[in-house]
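With the hints as constraints, model all of the structure from the sequences given.
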Amino acid sequence: MTKSPIDNPIAQQHYVLVRPDGSEVAVTAKVGKPYLEEATFWRCPAALDGIDGQYPDICGEGSMQPLGLALRLIRTRLLATIEDGGKLYYPEDRSMAVDAETINVVFAG
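Numbering-wise (my numbering), the sequence shown opens with residue 766 and increments by one.
Check each hint, because a few of them may be wrong.
[Said to hold, decoys possible] The calculated EDC-like cross-link candidates involving lysine to aspartate or glutamate, where the alpha carbons are at most 20 Å apart (straight line), are:
#, residue 1, residue 2
1, Lys795, Glu857
2, Lys798, Asp772
3, Lys852, Glu802
4, Lys852, Asp772
5, Lys798, Asp849
6, Lys768, Glu857
7, Lys768, Asp817
8, Lys852, Glu803
9, Lys852, Glu866
10, Lys768, Glu802
11, Lys852, Glu789
12, Lys795, Asp814
13, Lys768, Glu789
14, Lys795, Asp817
15, Lys852, Glu826
16, Lys768, Asp814
17, Lys852, Asp864
18, Lys798, Asp814
19, Lys852, Asp814
Worth flagging that the hints you see were computed from the coordinates, not collected in a lab.
This is the structure:
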């Protein structure tokens, strides 16, 4: 399983996760640039640091599919975190938790 370094993400989003036990962790969702693996198969690196870490590079047909799948995976995992009782906040504003609707908007849900 290939995990390409995401040294220069093409997109990223930062959150603070407050777990149900009250502990906090910095969360960074990030996606790297899709790259051609062979013929028409492309891969896209993605990570959800603070929750799952880096995923194996996501494979798809053409460059758009793995990019979309990477965003969907991150969205799904963030929504599961909220459903499990975690609260996500933007680091610069903790006045209101980030809700599922906002996650869907940010990650094209």
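Outcome of the hint check:
For a cut-off of 20 Å, the pair hint linking Lys795 to Glu857 stands: about 18 Å separates their Cα positions. For the given pair, Lys798 sits about 10 Å from Asp772 by alpha-carbon distance, which is consistent with the 20 Å threshold. For a cut-off of 20 Å, the pair hint linking Lys852 to Glu802 is broken: about 37 Å separates their Cα positions. Among the hinted pairs, Lys852 with Asp772 is inconsistent with the structure: their alpha-carbon atoms are about 27 Å apart, more than 20 Å.
Distance restraint check for Lys798 and Asp849: the Cα-Cα separation of roughly 30 Å exceeds the 20 Å cut-off, and the hinted pair is therefore not satisfied. At most 20 Å may separate the alpha-carbon atoms for a hinted pair to count; Lys768 and Glu857 exceed this at roughly 30 Å. Only pairs whose Cα atoms come within 20 Å are accepted, and Lys768 paired with Asp817 is accepted, the gap being roughly 13 Å. Distance hint between Lys852 and Glu803 is unfulfilled; the C-alpha atoms sit about 40 Å from each other, more than 20 Å.
Straight-line distance between C-alpha atoms of Lys852 and Glu866 comes to about 13 Å, which keeps the hinted pair within the 20 Å bound. Restraint check: the Cα-Cα separation between Lys768 and Glu802 comes to about 13 Å, which is no more than 20 Å; the hinted pair holds. About 10 Å separates the Cα atoms of Lys852 and Glu789, which keeps this hinted pair within 20 Å; it holds. Between Lys795 and Asp814 the CA atoms are separated by roughly 8 Å; this keeps the pair inside 20 Å, and the hint holds.
Straight-line distance between C-alpha atoms of Lys768 and Glu789 comes to about 26 Å, which puts the hinted pair past the 20 Å bound. Proposed proximity of Lys795 and Asp817 is supported: the alpha carbons are some 12 Å apart, at most 20 Å. The straight-line distance between the Cα atoms of Lys852 and Glu826 is roughly 35 Å, outside the 20 Å bound, and the hint therefore fails. Between Lys768 and Asp814 the alpha-carbon distance is near 14 Å, which keeps this suggested pair within the 20 Å criterion.
In summary, the hint linking Lys852 to Asp864 is supported, as the alpha carbons are separated by about 8 Å, within the 20 Å threshold. With a CA separation close to 17 Å, the supplied pair Lys798 and Asp814 stays within the 20 Å bound. This hinted pair checks out: Lys852 and Asp814 have alpha carbons roughly 16 Å apart, not beyond 20 Å.
This entry does not satisfy hints 3, 4, 5, 6, 8, 13 and 15, going by the numbered hints stated previously.
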